[in-house]
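Sequential numbering from 1 applies to the sequence shown in our numbering.
Among the clues, some could well be false.
No farther apart than 30 Å at their CA atoms in a straight line, the calculated lysine-lysine pairs in the DSSO-like style are these [said to hold, decoys possible]:
#, residue 1, residue 2
1, Lys176, Lys80
2, Lys152, Lys165
3, Lys395, Lys413
4, Lys523, Lys488
5, Lys560, Lys588
6, Lys309, Lys340
7, Lys413, Lys588
8, Lys410, Lys588
9, Lys523, Lys413
10, Lys53, Lys35
11, Lys488, Lys413
12, Lys165, Lys381
13, Lys413, Lys560
14, Lys381, Lys488
15, Lys568, Lys410
16, Lys176, Lys152
17, Lys66, Lys80
18, Lys381, Lys341
19, Lys246, Lys413
Label pairs and their in silico Cβ distance ranges [said to hold, decoys possible]:
#, residue 1, residue 2, range
20, Arg313, Asp557, 22 to 30 Å
21, Arg47, Ser118, 54 to 62 Å
22, Lys523, Gly593, 44 to 52 Å
To be clear, the hints were calculated from the coordinates, so they are not data collected in a lab. Predicted, not measured: the structure shown is a model, and the values here were computed from it. Think of the CB as a built atom: it goes at the ideal place given N, C-alpha and C, for glycine as much as any other residue.
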Amino acid sequence: MNQNHRNALIWIGGFLALFVLVKMMNVAPTEPAAKSVAYSDFLKDVRDGSIDKVNAQGAEIVYVLKNGQSQTTTGPLTEKLITEISEKDATLKFKLQEDSGSSIWAILLSWLPLILLSLPFFFMWRNMQKGGGGGAMGFGKSKARLLEKGKKVLFEEVAGIEEAKADLQEIIDFLKEPQKFQRLGARIPRGVLLVGPPGTGKTLLARAIAGEADVPFFSISGSDFVEMFVGVGASRVRDMFEQAKKSAPCIIFIDEIDAVGRHRGSGMGGGNDEREQTLNQLLVEMDGFEENQGVIIVAATNRPDVLDKALLRPGRFDRQVTVPNPDILGREQILKVHMKKTPMHKDVDVNVIARGTPGFSGAELANLVNEAALLAARTGKLSVGMKELEHAKDKVMMGAERKTMAMTDKEKKLTAFHEGGHALVGTLLEDTDPIHKATIIPRGQALGMVMQLPENDRVSMTRAQLLASIKVAMGGRIAEELIFGHDKVTTGASSDIQAATRIARYMIREGGLNGDLGFQNFKNEDEGYISSKPYSEATSEKIDQEIAKVLETCYADTKKMLTDNLDKLHILGNALLEFETLTGDEIKQLLDGKELSKPNYSKELYKPNSFIPTTDDK
1 MNQNHRNALI WIGGFLALFV LVKMMNVAPT EPAAKSVAYS DFLKDVRDGS IDKVNAQGAE
61 IVYVLKNGQS QTTTGPLTEK LITEISEKDA TLKFKLQEDS GSSIWAILLS WLPLILLSLP
121 FFFMWRNMQK GGGGGAMGFG KSKARLLEKG KKVLFEEVAG IEEAKADLQE IIDFLKEPQK
181 FQRLGARIPR GVLLVGPPGT GKTLLARAIA GEADVPFFSI SGSDFVEMFV GVGASRVRDM
241 FEQAKKSAPC IIFIDEIDAV GRHRGSGMGG GNDEREQTLN QLLVEMDGFE ENQGVIIVAA
301 TNRPDVLDKA LLRPGRFDRQ VTVPNPDILG REQILKVHMK KTPMHKDVDV NVIARGTPGF
361 SGAELANLVN EAALLAARTG KLSVGMKELE HAKDKVMMGA ERKTMAMTDK EKKLTAFHEG
421 GHALVGTLLE DTDPIHKATI IPRGQALGMV MQLPENDRVS MTRAQLLASI KVAMGGRIAE
481 ELIFGHDKVT TGASSDIQAA TRIARYMIRE GGLNGDLGFQ NFKNEDEGYI SSKPYSEATS
541 EKIDQEIAKV LETCYADTKK MLTDNLDKLH ILGNALLEFE TLTGDEIKQL LDGKELSKPN
601 YSKELYKPNS FIPTTDDK
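Turn these sequences into a full structure, and let the hints guide you.
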């Protein structure tokens with residue numbers, strides 16, 4: 001018996017069970033069964049006065065004796081007999097003979113509950129049938145959606161992932177000119193798996209492949225295959241490939257394939273039957289006995305480690321293309337693509353925004369441009385400028401400004417000198433990224449912040465750069481200590497302490513940048529909830545000593561640096577108190593002994609019809 005017949009029988013069985021249940025509910029409680037007697041026995045009981053009540057309907061007589069026994073007989077009720085029954089103090093009732101119309105009405109009333117309970121199931125059945133065939137009542141029909149021709153995407157609209165585009169160009173060439181490959185016996189990859197973090201453009205890239213090759217594009221999510229009925233997912237896979245074969249050459253895109261392509265047998269109780277059947281059918285369709293000429297599967301996931309090995313073998317997903325977060329050049333290209341749709345002011349420097357957004361995905365960069373456009377629109381501006389983009393970047397990275405947060409003069413002064421300490425150390429050290437901005441305006445959980453802007457993306461860091469990062473993190477706490485005294489330091493440096501400790505631990509335990517421990521890795525081996533140390537307690541003690549030594553040395557060096565430049569620390573702290581926000585160039589001007597001529601930040605911030613902060617009035 002195939003799966004379609006099995007599902008149909010399930011529905012029929014459900015209706016029958018519902019019918020029996022309603023009929024059982026409609027059965028009225030009945031009196032004890034009456035004993036059939038002769039008409040002469042009825043006459044004798046009347047004469048003896050042993051009858052309590054009589055119910056007559058036509059020629060049928062049902063009477064109850066005084067002892068409670070019910071009896072029935074058939075015969076005429078004459079006028080004399082009726083008089084005699086009345087004289088014996090028996091109750092006599094007559095029922096009219098029911099006509100055929102009333103009987104039909106009674107039958108309809110008894111069926112009414114079943115009809116009302118069946119209506120929702122009937123309409124659900126009809127809606128599923130409207131979806132077409134492909135399984136019982138349309139359950140097994142594929143949910144793959146065909147992309148409309150007017151919504152074509154081209155490679156020029158996909159920026160920042162040039163390596164991935166180059167890897168996929170071969171697929172486009174095959175779809176356009178398959179003979180060029182077939183005459184040499186070459187076989188195009190049947191499947192391409194796009195791997196990368198969320199928001200990097202995997203779906204957009206798949207659409208661009210179809211747009212460049214000018215072929216139909218079917219799109220479906222991995223979760224669309226899974227239903228509560230066993231076999232529906234496998235039926236949908238079959239139906240999807242049948243549709244694709246009719247439209248070949250074409251592309252089938254499966255988003256979040258890990259929803260259906262996980263390791264088999266990895267669930268509770270040994271696995272999930274429905275998901276495994278769906279995966280098995282997908283494996284057969286991709287590389288089974290039947291050829292799928294011209295049908296290419298493109299799938300996307302951010303968790304390739306959970307996929308079944310059979311899905312990744314050659315002949316199915318032959319090729320894996322990594323779609324990473326863009327580098328600085330890629331971010332610049334992505335920003336330019338999104339800025340085409342938005343009027344931009346001539347002061348916009350895309351490179352500065354790209355440098356200040358390391359680790360941003362394409363989706364996050366699109367959101368940044370949109371936030372800047374919203375800010376410009378709310379202030380009635382006709383174009384988006386650098387101020388709006390900087391403000392939007394700060395909002396995306398650190399949260400919205402807490403304008404209503406009340407800070408006392410003492411807290412504000414302490415925050416100013418804390419951030420001034422970070423900025424001064426970052427400016428004086430050679431192995432750090434340039435200071436981009438320092439501000440004491442509260443954002444998110446922070447009361448202020450100093451932002452550094454790397455010149456380029458890094459793939460590794462030197463020992464000097466790591467030590468410089470620790471010193472910059474320590475600058476805020478040490479500045480508090482020098483200006484306000486040892487007993488007046490605050491817990492505001494907790495995140496700085498955490499960052500410095502993390503860098504020091506990485507240097508000693510994983511980076512091999514230690515003094516006496518040598519070229520070794522001391523990272524703990526984590527297996528699920530169990531963590532073990534692959535080294536002795538004596539070695540663990542040495543590691544702790546090395547970490548403490550790095551932190552103590554950096555703290556001493558940073559304290560000496562700020563003590564020697566205490567006058568510059570006062571200049572930066574007082575400037576932050578006055579202007580609230582300083583750019584990197586303005587910090588350099590102040591340290592060179594020049595004066596700033598810029599409006600007070602808070603006055604500019606709250607002036608009528610504008611709330612966008614002014615960080616550079618040049």
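_Indices of hints not satisfied (ascending)_ = Hints 1, 4, 6, 9, 12, 14, 19 and 20 not satisfied by this model.
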